[in-house]
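Participant: Letter by letter, the chains look like this.
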Amino acid sequence: MAIRRGRGVAAINYPTGMNLGGDPTQALVHSTPTGNFMVTLSSVDLGQGMKQIMAQICAETIGVPTDRVVIDTADTDTGPHCMGTFASRGTHRAGNAVIQAAKEARQVMLEVAAEELEVNASDLETDGQGNIQVKGAPQKSISIFDVALSAHFKRGRSISGRGMFLIPRSYPEKETGAMKPSTCYAHACTVAEVEVDDETGEVTVLAVKNVFEIGRALNPKMVEQQLVGGSWMGISHALYETTEPYYPNRDHGGTDFNQYLMPGPGDLAKTEIIVLERPSADGPFGAKGPGEMCANPQIPAVANAVFDAVGVRVDTLPITPERILRALKAQAAG
Amino acid sequence: MELRKDYFADVRKDGLHEIGQPRPRLDSPGHVTGKTAYFADRNFPGMLHLKMVRSPHHHARIRSIDTSEAEKHPGVVKILTAKDVPHNVYTILILIQIGPEDETVLADGKVRWKGEAVVAVLAETERAAQEAAAKVKVDYEVLPAVFDMEEALKPGAPLVNEYHGQNYYLYDSGECRKVRFGDVEAGFAGADHILEQSYQSSPIEHAPTETTGCVVVPESNDRFTCYTNTQAMFFTLDNASIILQMPGSKLHFVGGTVGGGFGGKVDVIVEPIAILAAKLTGRPVCFIYSREEEMQISSPRAAEKVVIKDGVMKDGRIVARKVTGYTDAGAYSRHSPYGAQKGAAHYPGPYTIPNVWIDTYCVYTNRTPSSAMRGFGVTIGDFALEVQMDKLARLIGMDPLEFRFINAYRDGDMKAHRQPTEGAALIECMQEASRAANWPVAEKYMAMSSYRKEA
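In the order they appear, the protein sequences are chains B and D. The opening residue of the first sequence carries number 267 in this note's numbering; numbering runs sequentially from there. The opening residue of the second sequence carries number 140 in this note's numbering; numbering runs sequentially from there.
These are calculated hints, taken from the structure and not from any lab test. There could be a bad hint or two in this list.
Claimed, not checked - With a cut-off of at most 27 Å between alpha-carbon atoms, the simulated DSSO-like pairs for lysine-lysine come out as follows: (1) 152/D to 487/B; (2) 249/D to 293/D; (3) 369/B to 152/D.
Here chain B stands alone, though its shape is the one from the complex (with noise of 0.2 Å):
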C-alpha cells in the first residue's frame, strides 16, 4: 500500500455563445451634460464582473478613461433586450451591442466637437485622457466635458448610440447534422498531478497547470479570477459533485454542504494560470468568452492522472476513493 503520483492531459474547446446562435443583445449609451457616459443594458451580472467589462469596451470605444462610464442594468423598464447571461455570452454578445452603441455615440461627439473647433470629424481623434484633439495638431483639442456641455446646451444634439448584437439562428441540416453552431471557440489544455492513496483512494490534486486562449483578456485581473475559479470547479467535478451519488437510483442525495461535498481550502490545487490571446474575427476587441470553457478540460485531466497514479480507469464520474477502491480491487482479482 502506497501513495502513488501521476499526471494527466487533457485539450478541449468550447463554443462562445448560445448553440446555433439566434441569441440577441441591445445596448443603448447616452452621455450625460458633462460628458460621462451610460450604458444601459439588461444583461445580469451573475458576480462575474461583467459591469466592469462593460465599461471599459464603452470607454475603450468612445476614447474615455474606465471612470468616466456608468453601467445601469438588469433593469426591464430600462434596459434594451438581452437574452441572459449564460453560454459564455455576455461578453460577447453585450460587448458587441456595447461597441456599436458607443460607436454611434462617438460619432456625434466628435461632430459637435468639429464644430466647436471648425474642423472636420475625420481628422479628430480621442487622447483617451478625457480630450479631443486635431490629429497632429494635439495642441488643437477640447474637452469632452466642454463638447458634452456644447451638445446639450448649445447644439442640440444627443451624443447617444444604439446597440445591437445577433448571429442570425442556424438550422441543423436533419440528416446530416450541417449547422453552424457558433462563431468562435476558446481553447484549453491542462495538465494535473495527482497523489492517490491506494489503501483509501484518496485523491490530492497536488498542481493543475491551465492553459487557455480566450481570444483576448479584456481585464486580466478578471480574467484571472474566473479561470482559477473554473479551475476548481472542474477539480470539484472531477472527484467530488453530486446530487446523486449513487445514480440512477434516487437515494442519498445531499441537502446541504455537509452532505454534497465540494474541495474545500484545504484540498485546493497549486494552480497556474496561462493566457494565451489569438483575437477572434467577430468577438469585441478578439475576446470570446471562457466562463465555462475554464471548468472543463480538469475533469479528464484529473482522471488520466489517477491512471497514471494507479492503473485504473474510473469511467463514471465523480471519481470518488469508493470507485477508485472498487476498480483497484477487481484489478487484483482480474
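Go by the hints and put chain D onto chain B.
Facilitator: Quick look at chain D alone, frame taken from chain B:
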C-alpha cells in the same frame, strides 16, 4: 496568471487604452464588505411568504387535494392549486420555438418526480407557510417510475411525460440529433485498432452561494415589480407573461448582482407563481428556495452517458469516431433538448476526423428535471472524449500529448458539422502546456501552427 503575448503576436494589435488593463472592479468593495444589495435584502410591509407542498413520490396520480386544514392554520392567507394558474402547462424554450409545452407550474392530476410542486401556500411568516404546507393532504396513487435512461428507452417502460408521448425528445431529425460525415463504417474497417468505451456521470448541483428566489410587489399603477436573481431578465419576464396570460407591460423585472448563477437561474420557476400570488392577494410575496430545495429541487446538471467508438491507426491518426450521447432530462424538458443538441455540435471534439457519426438523445426519467449548467452539453462530453484520447494513445503506445497534436484541428479543416475551422488555437495551448508542465514532445510538434502553413 501569466499572459503569453508571444503567441499570436502577428495576428493581434495591442496598444489599447482601457482594454487589457487590470482595472479594479467597482463592485468589489461592496462584495467584500457585505454592502452589496441582493434581491432578498428587500423587505416590504405586509410581505407574504410562499412555500410549496411537494410530491413525496417519483411518479403518482393525484386523486384529490384537501387544503381545508391548511387554510385554518394561523397566518395562512391564500392557497394556490393548478386551477389558479392561467396557463399552467408551459415550457421555457417555447420563446425560441422549442416545444412542446410539457411542464406544469403546479401539478395537475399527476406528479412525475419526487419534489414536484403541487400546492403553493402563502402565509404571514415563513414558519406559518411551512407548517400549513405540512397540513395539505394530497391523496396519491403511486405509479411505476423509471430512473435509468436505458430502461426508459425500452418498449413498455413507464411513460414519464404524456406531452411527449415517448421517453425521449423528438427532434425534427427523429429520436436524436444526428451528425453524419464521411463513411464511419469504412473508417472502422480500415482502422488498425478499434476502441469502444462508455462513460457516465450523475447530476451535479450549481451550489450558488445565494439560492434561487424573488420578491414581487404589486404596484399602485396595476403593475408588478419582480426583484429577482434570474440570469435572464426578459426571458423570465416573457415566460411569466405567457404563464400568467398577463401583458408584459404589466411586469417590471429588476435584477442586480446575483450570488452565483452557473446556469442554475435560467429556469423560470419562482417568478410566475410569486407574481400570481401577489396578484391574487394584493400583497408583496417572497419565494426563496431553501438550501435543500436548491440542492434537490432546482435543476441540476444532467447525468449523461457517452459511448465512444474510435478507429485509430498505428501512426496515431483517428480515422473514424462514432459517439452516442444520452442526456437525462428528468421529468421535463427545460433546457435539456438544447443541451443534448449542443453535444451533437461539439463532438467529435477539437480534432479533425474524416469519418464521424453522432447521435445525441434527450431522455425523460422520473427524476428532478435537469437543465442548464456551466458547459452543459459539452462538459461531460469533454470528460469522455479526453479520457478516450488518453486510452487511444496508450493503446498504440504513443505519448498522450503527441497523439493529440497529430489529430488537432487547424484552420481550414472541415468539421463534422460541415463548418471549416477558423481561429483554432488548440496546438498553441498544447505547446505552452508542454513547456509549462515540462512534458516534452517531439520538435516537429513544437513547430506546428494552428494557422501558419508549415514550410
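Participant: List in ascending order the numbers of the hints, as given earlier, that are violated by the structure.
Facilitator: none
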